[in-house]
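Chains A and B, in that order, give the protein sequences.
Counting from 139, one number per residue, gives the positions in the first sequence under the working numbering.
Counting from 430, one number per residue, gives the positions in the second sequence under the working numbering.
Calculated directly from the structure, the hints in this document are not laboratory data.
Treat each hint with caution, since some may be false.
Unchecked claim - For the chain B half of the interface with chain A, some residues (derived, Cβ under 8 Å), not all of them:
id, residue
1, Pro473
2, Leu478
3, Leu503
4, Lys535
To be verified - Restricting the straight-line Cα-Cα distance to at most 27 Å, the calculated cross-link-like pairs of lysine-lysine (DSSO-like) are:
id, chain 1, residue 1, chain 2, residue 2
5, B, Lys432, A, Lys195
6, B, Lys446, B, Lys538
7, B, Lys492, A, Lys195
8, B, Lys538, B, Lys500
9, B, Lys535, A, Lys180
10, B, Lys538, B, Lys488
11, B, Lys484, A, Lys195
12, B, Lys538, B, Lys486
13, B, Lys535, A, Lys216
14, B, Lys538, B, Lys492
What the hints assert, rightly or not - Per label pair, the in silico range of CB-to-CB distance:
id, chain 1, residue 1, chain 2, residue 2, range
15, B, Asn441, A, Gly210, 41 to 49 Å
16, A, Gln155, B, Asp468, 26 to 34 Å
17, A, Glu139, B, Glu434, 30 to 38 Å
18, A, Ser211, B, Gln443, 45 to 53 Å
19, A, Glu141, B, Leu491, 19 to 27 Å
20, B, Val474, A, Lys221, 26 to 34 Å
21, B, Lys535, A, Val162, 22 to 30 Å
Using N, Cα and C, we set each Cβ at its ideal position, and we do this for glycine too.
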Amino acid sequence: EPEVTQTPSHQVTQMGQEVILRCVPISNHLYFYWYRQILGQKVEFLVSFYNNEISEKSEIFDDQFSVERPDGSNFTLKIRSTKLEDSAMYFCASYLGQGVGDTQYFGPGTRLTVL
Amino acid sequence: SQKIEQNSEALNIQEGKTATLTCNYTNYSPAYLQWYRQDPGRGPVFLLLIRENEKEKRKERLKVTFDTTLKQSLFHITASQPADSATYLCALVLSGAGSYQLTFGKGTKLSVIP
Numbered sequence: 139e140p141e142v143t144q145t146p147s148h149q150v151t152q153m154g155q156e157v158i159l160r161c162v163p164i165s166n167h168l169y170f171y172w173y174r175q176i177l178g179q180k181v182e183f184l185v186s187f188y189n190n191e192i193s194e195k196s197e198i199f200d201d202q203f204s205v206e207r208p209d210g211s212n213f214t215l216k217i218r219s220t221k222l223e224d225s226a227m228y229f230c231a232s233y234l235g236q237g238v239g240d241t242q243y244f245g246p247g248t249r250l251t252v253l
Numbered sequence: 430s431q432k433i434e435q436n437s438e439a440l441n442i443q444e445g446k447t448a449t450l451t452c453n454y455t456n457y458s459p460a461y462l463q464w465y466r467q468d469p470g471r472g473p474v475f476l477l478l479i480r481e482n483e484k485e486k487r488k489e490r491l492k493v494t495f496d497t498t499l500k501q502s503l504f505h506i507t508a509s510q511p512a513d514s515a516t517y518l519c520a521l522v523l524s525g526a527g528s529y530q531l532t533f534g535k536g537t538k539l540s541v542i543p
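All chains should be modelled from the sequences, with the hints used to inform the complete structure.
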């Protein structure tokens with residue numbers, strides 16, 4: 139069964155450094171997402187990407203964040219200057235986009251630790 | 430303010446019994462509601478989806494109900510097994526959410542005791 143993959147599984151970085159989290163969505167899906175989950179908290183929507191552009195973003199997704207789909211398969215989340223509060227699990231998800239009845243498929247996540 | 434509340438943070442149940450988890454929401458107009466399972470350190474896994482005009486959905490030992498008047502969904506696991514132990518997340522897709530993004534509750538951690 140097709141699945142969403144994410145790399146790395148765990149990323150440790152120093153505050154102020156840039157990080158890039160990578161995702162390979164399911165190949166024929168049209169919508170791509172990033173969510174984050176701070177330890178012990180709920181899963182929160184960050185951004186959605188459709189037709190090679192951001193379609194929606196939350197208040198969390200400020201100027202420090204950016205997303206790209208540099209080729210036909212990868213989908214990346216970049217955090218330009220990491221803060222301690224960026225420490226969280228980051229989940230990529232993809233969605234076929236053929237309406238109600240289908241659902242989003244989540245990757246296994248990247249645990250980001252900012253020191 | 431908008432809220433999604435899942436009835437308890439943790440629920441312990443004896444193996445073989447039916448687990449019932451609750452999801453209540455306020456000041457949202459969901460187009461549909463989904464239930465996901467999340468194991469520690471892993472991503473959410475889709476279980477069931479129910480539309481705003483549906484009352485009940487079933488899949489094997491799982492059943493979901495949706496009452497848009499009460500603004501509540503109930504999630505049932507019958508004949509529960511220790512392998513059902515996980516955190517269960519309620520998620521809404523809001524009417525007008527053009528990119529179908531999910532809004533999650535905090536989850537209920539279910540422990541099935543042998």
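Requested in this report: Mind listing which of the numbered hints don't hold for this structure, in increasing order?
Outcome: 3, 7 and 11
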